[in-house]
Structures are given as C-alpha cells and as structure tokens.
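With the hints as extra help, turn the sequences into a complete structure.
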Amino acid sequence: MNVTRRDFVKMCAVGAVSAGISSRYFQIASSQTSGAETSEIKFVRSTCSPNCTGACAYNAMVYKGRITALIQASDYPESEYSPRGCLKGQSMMNLIYGPDRLKKPLIRTGERGEGKFRAVSWDEALDYVADKLTEIMKKYGPESIALSIQVPGTGYVHKGAAIRLASMFGWSVLHGYTMNGDLPAFWSQTFGVQTEELESLEWTNSKYIAVFGSNLLVTRLPDAKFLSIARERGAKVIMVDMNFTPTAAKADEWIQINLSTDAAFALGIVNVIISEKLYDENFVKTYTDLPLLVRLDNNKKLRAQEVKALKDEAEKMKKEIPEYRDLFVVYDVSRGFSIVNPETLERDFEPALEGEFEVELVDGKRVKVKPVFQLIKELVTTEYTPERVAEIITPPGRDKAEYARMVVRIAREMATTKPLHIVYGASNYQWFHGDLKGRALSLIIALTGNLGKPGAGISTYAGQFKIRWPLGMWWLFKGRKPNWVTYLLWMNEEYRNSEEFKKYNRETPYPKNGVKAFVFGWNNPFDQHNMANKLKEMAKSGELELILAIDFQSTTSTQWADVVLPGVAWYEKYELTATILHPYVQLQQPAIEPLFECMPEIWIFKELAKRLVERWDDQELKAQIEEFYPDPSLFRKEENARANGAWNLKLAREIANEASLKATELMLGKHDLTKGITLERLLKEGAVRLNLPAPNKRQILFWEQIHEKKPFPPPSFPAPLPKTARFVKSGRIEFYKDEDVFIDFGETLPVHKDPFVDTEWKRNPESRNKYRYAFITRNALYRVHSTHSNNITMLELQDFRPRIWMSPETAREKGIKQGDLVEAYNDRGRVRGYAVLDSGIHPSVIIFEQGWWSRYLRGDSYNTLTYPWVKAIHLAYFVPGIWEPTTVWNECACDVRKL
Amino acid sequence: MVRYGMVIDLNRCIGCRSCAVVCKMVNAQPPGTWWQRVETVGSEEHMVPVGEYPNLSEVFLPVPCMHCENAPCVKVCPVGATWTREDGLVLVDFERCIGCRYCITACPYGVRQFNWQDPDENVRQGFERAGFDSNWYADGEYRYGYPVDHRTEDGRLVYTNKRPRGVVEKCTFCVQFVDQGISPACVRGCPGNARIFGDLDDPDSEISKVLKDRSAFRLLEDLGTEPKVFYIPPARKEGKGGVRYGEKI
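Chains as they are written, first to last, in the working numbering: chain A, 1 to 899; chain B, 1001 to 1249.
It should be emphasised that the hints constitute simulated quantities derived from the structure, not laboratory data. Just so you know, even glycine gets a beta-carbon here, dropped at the ideal spot from N, CA and C. Hints are not guaranteed to be accurate.
[What the hints assert, rightly or not] Okay, the calculated bits of chain B under chain A, using three or more residues with CB under 8 Å as the criterion: (1) 1023-1036; (2) 1050-1056; (3) 1069-1075; (4) 1124-1133; (5) 1189-1198.
So, in structure tokens, the structure goes:
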C-alpha cells in the first residue's frame, strides 16, 4: 500500500482528538471513582460479532480516545450467560489498531493480487467504482454483479445496507451460508426450515447430550461451559467423532468412528429403538410422516386424490388448504384409508405404523402401499443391524464385536434418558452426504419424541445465518428484490454444463452473462472461499471486470481487489445484532471514532447508491434516492453540507450514526418477536430477549408445532412461508422424500453412503489409491475463520506457524516426525505446515486449521485442495441459503509428504 | 483481615486461554511476556491428547501467580521489592526492583517474567516475527493495556503499562482492579466460569464455601509454599455404562 507514514500520523491525530464522541446515545457502563486519571477511563458496552456469531457483550475500556482493553460486559439478564466472550474478542484491539488497518480508500496500480495501490480520496474511489459498476450493469445486466457479505445476523444495519443497495438494481447476492457450507441441508428436507437449535442455556436441562462431530469447546467458546454444567447436573455427554478433541476430553465417553459414517451409526441406533420398541408411538403418529402411506409401484407417497374412495373428499379439502400443501393418506385401524389434514397436527386418526395394504386408485388400478414406518423398519432390520453397522463404523484395528455391542448400549441409553439433545457439528455435515447423516440423526430425535421440551432436540450451531424476524423494511429498497447466484455453480462451470444439472435443476438461477463484477464486504474470499485459486484465476484472466472490497483491514482479498473501501470495526459504529444460539437482540455502539478515513458501511453503500443512480437510467430510483437513509432528511442534510462546503468526514459519520440508529428503530417492534424491544431499551438494558413462543421466551425448537399443533414448518425469515412450506407438504416432520431426484439417487429414506464414492472417486477413479486421506479443515482456537489470522497475540500462541495434524501411524508410514515441515496436497493444490503427531486422530485423516491467510502459508491457500461438489438433491428447489447447493469442505481427498 | 485467593475449577476450564489473553491485554504485556499460561498437562502441544487409545485425555491447567502465603520469591528479594501485602497479594514494586532475578529462580511455578529490554523492543520483534517490517501498529503510538499507573496506599508502584527495562513482573491478581473492588480480569474474562476470586478469611464468601464443599488441591503442595490458588480436580467420568439399567428395560 502506498500510504505514507506521514499520512498515518496525520490521521492518528484526527483519531485522538475525537476522544469523547459526545452522543446522546453514548452509554457509560460504569466509571471509576478515584483519581483524576482513572476518571478519564470510560467504558462503552458493545457487542463483539465476527462470524462465530457469538455476539458477546463487551465493555470497551476507552482512554483518551483509544480502546485500551476489552473485557466481557457480563450484563446478560440470565446471569448464567455471563461472561460471554473469548481470547479473540479480548484481543480485538490488535486488529483495530494493527498494522493491517486500512486508512484511506485505495485504487489498484499494479497487477491484480500484487498489492500495489494508491491512496485516493473518497470521492475519487466512489466515482471510480460507480463508473465501472454502471458500465458493467449496462453491458451484462445488473445481475452480473455478485455481492458477497457474511452473516447478516451479526449486523442488521450495515450488512442490510449492502443488500438494500443490491435490491435497488437487482444485483445477484451470493448467499454466504451455502458458500460457507454452513447450511445443514437435512433441516429443510426434514423439518422445512433453514435451521433450528436449542439456546445453549437449555443444554443444562438435558439429561443426555450426544455430540456428533462438533468441537464445542473450541468453536463455541462462550457456550461450552453449559456442557460442563449439564454434566454437573447429572447429564451424560457422549462425543461421536473420528478424532479426539477437547470436547471429547470433556465428554463422559468418546466414540471414535470411521469418517462420515454417522448415518450408519444413527440407523443402527434406530434399528435397536424400533426392534426393542423404545419409540414414542404417540409422537411418531402425531408429528411425523411415519404413518403416511407410500406406493410400492412408484415410490411416491400416496396422495388422497389418487385414491378412488377418497377422491371426492380430497377435492373438497384441497380447496381449503394452501397450494403448498398436499393431502396424504394413512391407514386408520378402524376407518381404513383416511386423509391427513396437513394444516394441523391435531390427530383425529389412529394410523397403522406397520403392515402392507392394497388400495384402489381412481383408474381402478390396485397398488400396494406401506407406511413410512414400515419401510424404515425394513431398511434398518436388513441393512443396519448392529453387526452390519459395526462393519461400517469401526475404525481400523478396533474390535467390531465390541462396536456392535456399543451400538446397542448407546441406542438404549439415548432412547431412555430424556431429555436427549443431539448436537450435529458442521465439520460433520460438510460432507457430500451430510444431509443423509442429519436426516438419520433427526430420526432418533423423532422416534424418541425429543422435541418441544426443555433440553430436547437436535441442533446445528454453524453459520447462524438465520434472520430472527422479517427485515424487508430496511433490507429491501422500497420493496425491490435482489437476484441470487449460487457460489458453487459460479465456481463449477463443468457441473453447470452437465446433464445432471440440466436434468435436476428446477429453480436455481444463474446470471445469463455470468458473474462479471465481485463486490464483497466482511469476508476474505480469496483465502476462505472454496477454490480460492479459481477466484484468483478469474481475477487474473480479467473474467471479473471489477473487484471491490470493503473491509476495515487489509486482507489477502483486499490485495486482489481493484478498489478497497475502508469500513469500520465494531466499536466504531452503531449496529444491531441478533444472532441465534443465544436469543438476544443487542447493539454495537461506538467506543471510539473510526480511525483514519474509515467510514461506517451504511455511508459507503449510501454513497455508492447515490452515485449509481446518477449514472443509471431509472427515473423512479432517481426520485427516491433520498430514501436510502431511513430518514430522507439525513440524506439531504449531508447533501446540503456538501453544496455549501461544510461537508467533512466527521459530519458524514455523525449523520451515518444517526441513520444507523434510525434503521435500527425501523427494524424493531414491527413483528411479534420484537414487540416491546426498543432502541431505548437496548441502550439501557444491553441485551433484550426476543419474544420467543416457549415459556420464559426460551429458544426451544418447534415449541409451537409440538404444543400448539401448528403444522411444520415455522417460517424461516426472510423467505415467505409458502416458499419453505412446500419442502414438507404434509405439514409434518418428513423422513420419506419423494421428489424424483430423491428416488433417482436412492435417498427417499435416510441411508448411509460412503464418502468420496460419489465425488472424488467418481470424478477421478485414480484418486482412490493416490489420495487415501481426508483433508479436514477444522476451526482453530485462535481465529474466527480467517478473522484474527493477523492478530499478533493469537500468532504468538501458535508460535507464528501453521500446523498439520496427523496420527502417529500416518507419520510413521510417511517418515514424518513431530515439527517437520510437511505438505498436504492433491491434484488441485497444496498447503504446507509443521507436523503435529496426535494419537487422537483417525489414521485416514489429515487436519489443517482453516483461516490462515496465504501470507502465512508461503502464498498457498488451503482452499486450493477443496472442490465445489454439487449434490443434485440440493437443486430440487431454490430458496437462497435455505435450499441451495452447499459447500462440503471435508469431501476432499489428499496425501501428505515430508518436504 | 481480607486474604485474597482464587479457585480454578478444572472441570469448568475449557483450555481456551482467554484468561491468559485478557491478562496480557489488560496488563499491557508485550509479545513474549505472559503472566499466565494454560497448557495441556503432559502434552507438547496445547489441545493434543496424552495417552494411548482408548485412554486419551486432555487436562487443561491454567497457571497464574499462586500468591503463596509462604512465598519463596519474597524471601529471596534482597531489596524488599517483592512483598506480600496485608491482603495476601504478592506484588512487585517496579521502582525498587533491581533486576537481580533471584525471585525468578526461587519461584517453583515459573510465573515471573523479566524485562530484558524495553517492552517496545518486544513489540517490534513480535511484529517482525509475524512478518511485518516497521509499522507495528497502524496508529503508531497505540499500546493496549490498563492506561493508568497504580500505586498501593503506601505509594509503591505496582502497576504501570510501560514497565522499565530490567524489572521483574508477574500476575498481581490485577491489583489495580482489586483495589477498586473489582475482580481480576481473568476471573471476569473466563467464558468457562471456572474461576472464583475472593476472601479466604470470610467464611461466607463464595470462595470459602466452595473450598469447604469440594476437594481442592494446590500445585507443588509439598514444597510448603502455601499457594492461595486452589484447583478443583477434574471429576471422574461416567464412562461406559454411566447410565445404568437393569437387565431389562
């Protein structure tokens, strides 16, 4: 970067002078009493919210305009939650003030990726970007601009402003949830929702916690204590994972299984539950599709309108139900074939769960049908006996008979110790058949009736993209809508052109002229995205005509951008956060004025919008542009200041702060979930609980379905209900999926499928022998994905060097010793690090901790090894971030060698 | 009389090192200096298990200054720079310390650190190792840490954010906070709620109650140093068959 040292010093002065930003909203949590100097220390409560989505309350200790320390605020209404926060949040000053902090807008002068820029004025940078974007929009259409932001739940105002801008022109938004692989596809397939979970405080109400491949002690630091507290209260915790982890160390029992074989294990458990009749019959009949009948001739569920005897009734009922519902049939033990009302879970029938029946269709044809339960029973009693399961899951060299006995024992424990909570980890579902594993685990929960109760259910805790309430009033500009582009399809032209894609794609859009401009904020795609190398190629070849980065610090990705616009860190702005895992709405508040020339992002997007509208032929937008800020008078105030020469950064920031608060107010109080939650309350109380339906407003999944008998699914915001309700047309928890693609791929019911068979080995049969290890890129204690990669304190804790973990067995075979420089590689790429021998690691696994910027990796990226696999089932519908192809990082074969 | 002590519950400790980091940040420790450490017992690498399958284990052990009742460091200090305050805190007077480092040799817990050089030199070297050349902090004068010097009632300098070259430093139980009635940063910063800080002489304090109810141990107890940091050992696991059933369910 070509910003001179003198510039820094000048800008520092600006930062320092503006010590006590006087604002009516400023909240001083507490102040010290003795001494003139200590009284100058102020505390400002804000919310740390990187992409862990922990949203932890912090007090910033501010002295003479600088943050000198950050300590957890510990002011949650439920004191059990305090203190939330971890080593990364505590050392965030290293990023805010660190050497990579951006100072001024930058325009590239060298080649792409070279990192050569000139510092320019905001006007020059914004006009340059607006010119380029307009040119691209005119040439290829607005949908050729891809916008990537990360986890909007961590920033409803500023990240919302980015979407607002995209919606004005119809840019294509790239959903981070699927790009990150955080979407657990089984949720939409089984429950019709994006995700659900217990808040971590609820863990303490569980009596049995079964963690399937989630390293909560590292990835959920502020919540991990609830595992310990649950154990103190008598819960048993088991950890099922191919590798030993700190979470396994805390668990009562660690069960090591082979890679990605959890579905087999779960179905073995289902086998025992069914054969020993340990299931909750009433629950199964009331809430699931297990009593619904399936036609044996075509593998489709039997629809009422197909049945001769039910046709008239079905036609009448059909008029009374929404079009996203369907009428299915059960065999009532006293009334025979009966229609199930999909709009309620009040049960007025007594269905047979087992057996085979013959039904006469409208055309007179007689076909055989069986309840889903019967099909599951047949499946597990033939394919998933404890002995057969042991064949699949037992790691090399272990006793299979012991594993078979273990399956039976764990099944009995899980079925009879209630409430049972299953945590399904992202590292575990980020495999090609991750959805099958989730469906199988959900089946355990449904069979045992562990839903709608404190401490019961199944949870996934990655990504946390779920929006807590509808936000269209701010995110969408006057009701306009953005377009969408699926990241995996963008990266995978081969698949986009494949027969499979053409055959199975129903709704997934793709910009007709491709992606020509890439705009991103709050993320680091050139390290973190799947196939980071492909992105770099697109940058180098010029296929991408504009790359625009918005960040508060210089990252690998800003180095690849054409223009870099300096945003701000939390502690420098007002922002509204409401992430899941804990159910609070909180604010971020400025503790300091933005450093240097950094600007709140809402201002950046407003300025871009204004300048684009000037260049774009849309009279309606031209007339409405003042409304980009939620209060048009704020927009005018700044324009007036510009006109009469009174404009400066400080004024623009003050107006942006006001606008941020207005946007916050706009989003609050409009929905039942936020009724009574006001800006004033947030400023006074810190964290305010959402109005969730369960007692004490607790986050307990599907409370309304189980207790109020509302049909599945509850809405997944921001998607309208009809878009997601069609995933579960029966209004029930569905284990039998009958869309053609499920039938074609043999996945109507949850089954186990081995890793790599449908991916690596199919694409390149040689890889089976060449690359015998799975390349697992787990989360590190020292980073939130790639955030904090450059945090000097975190680097110090890692001796400044990346590591590659492997089992001592692998090391022996490869002639590798502890501390050796080694390389994990495949045909696509490589990454280097220092070997750590870990006897808790499965002999077929190589581990790298994701998030290292390439500058610490000798220029490599660990995402050169990964591949954008697309599973056809994920094309059956398209609802962005809810039903969409999702990245499967761990479906990646590699080898390792000493360098 | 108040006598401060700390309990660390190893069941609750998740090994996350937040205590070490918040301590470092709040107490202005430059790269290379750590007043507290958290390690995996018996392992060369943090969070890598010890033992052979299936008996693998990871026990995390945070080690702050023990603030010993019978502190060896106090005994060997030739100038009275290290002393035990009436409330039990073992402190270093930065203005009196002559840098002889006898205390470092005497401390069996290895928690004392010596300023071989100006802390800014540590900062420079740290950033150099991290791959940065000169511009350590973008805001050049920025340094993290509690910004105000702290002296005891009798005027001894026990906290300053810029420690001079040639003095010994260590965990003070955050004396600058304790003197304001606020708990040490590591206690407030522990997301595992593993730490309890309080008055060992007050039978009604939380710490006294916990120590009465639960078995606790201290590090290297046989040396007779009488540490005031107590550890609650990790509980036995339920393990296989931890949920018990009769023959029939």
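Problem - Assertion that chain A covers the stretch 1189-1198 of chain B - criterion: three or more residues, beta-carbon distance below 8 Å - result: holds (count 6)
Exercise for the section: Tell me if chain A covers the stretch 1069-1075 of chain B under the three-residue, 8 Å CB rule, please? Expected result: violated (count 0)
Handout entry: Coverage criterion applied to the stretch 1124-1133 of chain B (partner chain A; beta-carbon cut 8 Å; 3 residues)
Key = It holds, with 6 qualifying residues against the three required.
Handout entry: 8 Å C-beta criterion, at least three residues: is the stretch 1023-1036 of chain B covered by chain A
Key = holds (count 5)
Handout entry: Outcome, coverage of the stretch 1050-1056 of chain B by chain A - at least 3 residues whose beta-carbon is closer than 8 Å to one in that chain
Key = Result for this restraint: holds, n = 5.
Comparing the model with each numbered hint stated earlier shows that hint 3 is the single one that does not hold.
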